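Number of protein chains: 2
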Amino acid sequence: MDEADFPEEEFATRTEKAQRAMAAAGMDALFFTTEPEVRYFTGFRTLFWQSPTRPWFLVVPASGKPVAVIPQIGARLMASTWIDDIRTFSAPHPVDDGIGLLAEVLAPYSAIGVPMGRESALRMPLKDFQSLRDRLSGAEFLDASSLVQGLRMVKSENEIAQLREICRIGSAGFTRAPALFRAGQPLKEVFRAFRIELLTQGADDVPYLVGGAGRDGYGDVISPATDQTLQPGDVLMLDTGATRNGYFCDFDRNYAIGTASEPVKRGHATLVDAVSAAAAIARPGRTCADLYRAMAAGIGQAEGDVGRLGHGLGMQLTEAPSLTGFDETVLKEGMVLTLEPSLTLGPGKMMVHEENIVVRDGEPEFLTSRAGPDIPVIPA
Amino acid sequence: MDEADFPEEEFATRTEKAQRAMAAAGMDALFFTTEPEVRYFTGFRTLFWQSPTRPWFLVVPASGKPVAVIPQIGARLMASTWIDDIRTFSAPHPVDDGIGLLAEVLAPYSAIGVPMGRESALRMPLKDFQSLRDRLSGAEFLDASSLVQGLRMVKSENEIAQLREICRIGSAGFTRAPALFRAGQPLKEVFRAFRIELLTQGADDVPYLVGGAGRDGYGDVISPATDQTLQPGDVLMLDTGATRNGYFCDFDRNYAIGTASEPVKRGHATLVDAVSAAAAIARPGRTCADLYRAMAAGIGQAEGDVGRLGHGLGMQLTEAPSLTGFDETVLKEGMVLTLEPSLTLGPGKMMVHEENIVVRDGEPEFLTSRAGPDIPVIPA
Chain A
1 MDEADFPEEE FATRTEKAQR AMAAAGMDAL FFTTEPEVRY FTGFRTLFWQ SPTRPWFLVV
61 PASGKPVAVI PQIGARLMAS TWIDDIRTFS APHPVDDGIG LLAEVLAPYS AIGVPMGRES
121 ALRMPLKDFQ SLRDRLSGAE FLDASSLVQG LRMVKSENEI AQLREICRIG SAGFTRAPAL
181 FRAGQPLKEV FRAFRIELLT QGADDVPYLV GGAGRDGYGD VISPATDQTL QPGDVLMLDT
241 GATRNGYFCD FDRNYAIGTA SEPVKRGHAT LVDAVSAAAA IARPGRTCAD LYRAMAAGIG
301 QAEGDVGRLG HGLGMQLTEA PSLTGFDETV LKEGMVLTLE PSLTLGPGKM MVHEENIVVR
361 DGEPEFLTSR AGPDIPVIPA
Chain B
1 MDEADFPEEE FATRTEKAQR AMAAAGMDAL FFTTEPEVRY FTGFRTLFWQ SPTRPWFLVV
61 PASGKPVAVI PQIGARLMAS TWIDDIRTFS APHPVDDGIG LLAEVLAPYS AIGVPMGRES
121 ALRMPLKDFQ SLRDRLSGAE FLDASSLVQG LRMVKSENEI AQLREICRIG SAGFTRAPAL
181 FRAGQPLKEV FRAFRIELLT QGADDVPYLV GGAGRDGYGD VISPATDQTL QPGDVLMLDT
241 GATRNGYFCD FDRNYAIGTA SEPVKRGHAT LVDAVSAAAA IARPGRTCAD LYRAMAAGIG
301 QAEGDVGRLG HGLGMQLTEA PSLTGFDETV LKEGMVLTLE PSLTLGPGKM MVHEENIVVR
361 DGEPEFLTSR AGPDIPVIPA
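Each protein sequence line maps, in turn, to chains A and B. If you're matching positions, the first sequence starts at 1 in UniProt numbering and goes up one per residue. If you're matching positions, the second sequence starts at 1 in UniProt numbering and goes up one per residue.
Derived from the structure by calculation, the hints contain no laboratory data. Heads up, some of the hints might be wrong.
Here are the computed lysine-lysine pairs in the DSBU-like style, where the Cα-Cα straight-line distance is at most 35 Å [unchecked claim]:
#, chain 1, residue 1, chain 2, residue 2
1, A, K17, A, K65
2, A, K17, A, K188
3, B, K127, A, K332
4, B, K17, A, K188
5, B, K127, B, K17
6, B, K265, B, K349
7, B, K127, A, K127
8, B, K65, B, K127
9, A, K127, B, K332
10, B, K188, A, K188
11, A, K17, B, K188
12, B, K65, A, K188
13, B, K17, B, K332
14, B, K17, B, K65
15, B, K127, A, K17
16, A, K127, B, K265
17, B, K332, B, K65
If we take Cβ atoms under 7 Å as the criterion, some of the chain B residues that face chain A in the derived model are [what the hints assert, rightly or not]:
#, residue
18, P52
19, M78
20, P207
21, R215
22, G219
Only a predicted model underlies this, so the values are computations on that prediction, with no experimental measurement involved. We put the beta carbon where it would ideally sit given N, CA and C, even for glycine.
Taking the hints into account, I'd like the entire structure generated from these sequences.
Right, here's the structure in full:
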């Protein structure tokens, strides 16, 4: 970057850790096509990934700095990172969007790690990937998902500082709720007002903002805003993934409009208690499944529709690990997690609550300003 | 959606057109994993795609409505669309993130179209895709990229209405530039003020905002905001992809801070003239290469670093086709394009200008309020 998000040592350390893990896994190169992985090893940050036209490639060799194989349009920005070896191709290209160049860079390697497992995607045309494999017929392609997730899920203090700041901004935004939200307001205006508030407080962007409202709960947790108007007696939930310097917060808050019904009051307190139960045992050595079970016991139900009760957080809104009954990932200091218990209050009526923590050697650090057990009431 | 973006006929028409193209291409099903394609055929719109955890699948059969194979968390929202056949799986799942279910749905088909070409990605784990292919060993997987791009690049009047509205909002935002931008302002604040303005004017979101500033041009067109402050004599460029109801604008504006140098004045007028030259020939029957050559002649240079001088626009910031010398796509009424000529004024000094048009039976319709040849000057 013209102004790098982190000092060069951050990227050097990440690369060295990856190279140790590669040696242990018998891989002599890693190959990436996706934004978070390219950014993780280079610091290359741009919204230009919104354009699907051009592929971007990164190779992490067994030793030395990563090698970028990218469209010419990104050369200047990549040159401002710690990366030295930048190979560029003209894109879009009539016949070869970088595959020939990429095959040259990967030619020396025989065991190439590529993320192929849970949560991964391939951000290049399948035909081009097949062509690459054909050109590298002597090389084996191995699944590098757990290797990369294992690195990324433990955050450095540099990363935690970024996450702390965006969570502070999100928390500050929510404190303005009584001034922003009111009965009679369409949800589209609720969302718009909150986005503007987050930007005003210092967020760079608000790539994720979902929510819902209804009496005794809302229908789901993934819907965009509609023209539905807030009614007295509704419970309103907003769940935000705002970013600063490319790092996300991901948490929500619930508000009662005018009055809170007894089920909503009890539900809110139960969800906050469930977060406390998970935080009470969130220590290095415990597992994601332990946290899941602590929350599931508190809310008195099994996994339900949401499928998990929290997840990793960082350069993406959701990252590994998952707080599910089957994720036996052992917690380590520096992991940043969301604790996200949910409740069903009736058919089509749910409530969800979410906080963001850092696993520490002792009590976890809350990055979010915790919600209390009493649901806040916004005068109608 | 609780409030659908379009009437059901929009999706029925898209599906029928796809099915005619499938018959012509010898495909008996289409298979999709990516947001724009799932939304194109269903209307399913959510920011939840920000989370990489869960895959989402859609199958378009040779006849009848598409079939959604999706995580349980999306069932309620998908049920609010025109889709009837919704198969859900629990995700994340310890061993099967929907592949068993998906293989059942695809089992009847023998020639399955999947986007595998230019601009495509596979938004599911490669290991799962391989497992799917193994289970469907009797089926052939064919590249459906050009089929789907051919459909999507011609917009319906419903889509054009959405694009017209977000381009109107973007244009309205830019008219406020003199009140928003000033010498001494850090670029981060320039970007923040403009994002807030776009939201205030009615944008739902601003997923893309890039820009730059400098004397006699800026360094590139993909960088995020920095703490660099606007100086008298700078030319400032902001390029925005704002959205409303899931459709993008994509255009930029240039401003001189205080005074404009002669090269900047000439550059701006040349770029606006290049847009006029392309618009003058943008008619059904002409090609993308024709538009490219009209602009390239005007700016007196070849493709350069940017690699193309415009592209399709719709549910994504950039879509097929590409305005390059090698894209022989024939223009059709209803195509929405960006015209995006650029100039190099010196080493590390460029200027770019962009407008959005609809190809019509006659003169194109400008969706953006066109910039005039004189670069606007913001008093320093």
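Of all the hints numbered above, which does this structure not satisfy? Sort the numbers upward.
2, 16, 19 and 21
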